[in-house]
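Since the structure of chain A is already known, use the hints to place chain B on it.
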Amino acid sequence: MKAAYALAPNRGERWLRNASVLYVLLLVALPLSTLLWFGLSDGLVSLSSLLRSNVARSALWLTFWTSALVGVINVLLGTLTAWVLVRYPIPGRSLISALLDLPLAIPTLVAGVMLALLYGPTSLIGQKFSAFGMPIIFAQPGIILALLFVTVPFVVRAVEPVLSEIDVGEEEAAKILGATPLQTFRTVFLPAIAPAAVSAGIRSLGRALGEFGSVVVVAGNIPLQTLTAPVFILGEIEGGAPRMAAAMSVLLLSIALLLHTTASIIERQVGSRHA
Amino acid sequence: MNAHPTLGRVATANGLLLCLALLGCGGKASSPSSQEQSASPQAAGPISLTLGGYTTPREAYGAILPAFQEHWAKPRKQELSFKESYLGSGAQARAIAGGFEADVAALSLEPDLEVIRKAGLISHDWKKVGSHAGVVTRSIVVIGVREGNPKNIKDWDDLARPGLNVLTPNVRTSGGARWNIAAVWGAALRGKTASAKANDPESATKLLGAILRNVKNMDAGARESLLQFERGVGDAIITYENEILVGQQKGQKYEYVIPRSTILIENPVALVDRYVDKHGTREVATAFLEFLTTPAAQRIYAQHGLRPVLGELERELADKYKQPEDLFTIRDLGDWAGTQSKVFDTGSAYDRALGLASGGT
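Protein chains in written order, with this note's numbering: chain A, 1 to 275; chain B, 276 to 636.
It should be emphasised that the hints constitute simulated quantities derived from the structure, not laboratory data.
All clues given are correct.
Dumping the calculated SDA-like pairs for lysine to any residue here, alpha-carbon to alpha-carbon at most 25 Å: (1) B:K525 x B:A571; (2) B:K491 x A:T108; (3) B:K491 x A:S123; (4) B:K525 x A:T122.
Being a predicted model, the structure only gives us computed values, none of them experimental.
With the rest of the complex left out, here is chain A (with noise of 0.2 Å):
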């Protein structure tokens, strides 16, 4: 263990450890094992319940599939939108890049909000989808709508600086040994960015999952229809079966842990391929 560091702690570094590890506790640790604590402390009795209850199912499935969903299109296109702003010089880039930041920095309230006064059905495209028999706000494209505008940024943060990295050496070697640009693309760029994408799409769906702000309000939250599992919670918190609510944020929680870890060894792997 020593070893993996340069030097040895000094007492003060040891003080800064000692305070930074003591700061995670407390900030993350004691409150996620509050909730584990008290999800957790009638056995498996909420976790069974949960399960019984077929809106809750159904919230479990819709979060989980509209997440998924999001994660596939978030690496898709994501990856795409890093492409177009790494290789092709756009006017405005920092305009466009400054915007993909955007989600992440206003509150998710307000984004849903601002999708339910552009989709709604009041709103004139609304009012047009809604004729074609496809409402989106209070609808479940409402909600993957949502999703996807505040996780945007993830997949394009992860490949932008991947693909800025690669050596343009490597792909003029590709085409000078008379590779098509789709060959390049697989054995130059794909090898490098995939693990950043795929990791970045499962974080994407990770943070989709627990989304309350912006689908609270786009999404018409009808039991069995169009209520997600956070807002399931909520349901279950002001409608006083908080061990209801504790045990599917436990769920989600699990869940969640799973992803991340699952992201982490993607990106681990690729850092030691490129050690």
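Okay, now just chain B, sitting in the frame of chain A:
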């Protein structure tokens, strides 16, 4: 229901333990020093009363608090200040149960006050206080419609018509929504709707399901739901009469119809024993509660769309507040606890109705 305060207590206990173990943060954590505080004489010095209310009557309290100031504090030459907090009824109940030290809790419905009582903060029987069983305001559940009632909505059955878009909030987060569902449910069970047979839960569930099928969006609270309606969403909204009246006062053009049979909403108020004793405010809180059912305060409530509990005022305002053909209370359906388990708990009538509603789409 009382599991929630447990969550708070667990968290606090956990936090304190760790805090003590790691940092040795001493005995500064606020232990209730009620004896010291209540021992101090309250009559002389300035006094502060904290009101934890639900959002609907906020504007009414804006006028009632100064009136109480005139009525109570001025003759005593005592400096009285108010602290006010307004939240959704359920959220306010949990805030108070979780440590928001309100002397007086003014909530939307009985189960929310019961949350505070079950947390051990209200130790008296608040339903026996005053001449009106702890209730200070009333309203009825009505159907809000667009100007001129273009969809010709007259009664609950009309809301089940295919193709309508009906608004009602989420019953888990909104006390108002529970009044709404109880109104439809009760009207159906009493045989006062066209489609449901009397005393037949099956056909009542069916009617409820058909109405819920037309609900495309459930907002978190009654106010949000009405805002949605004001934004142009929906053909009809199930809501309180007072919400519509206040909206109309602010220039909204919507109208409302009173269904043939609907429920009388009763909003309770109670003083919170634990906190009035801690703050030494029992006397002023008691006086405040009594003041709320005086004609002066009741008139202010009535100006803000709420029905008075005083018979004399009720007769005086009979033109503004029309009587439905069949008006029932929650006690006609049993009581809140029974209605909660029969209608709202997991797997009960409301859940089955939701099942019917989603099955059709």
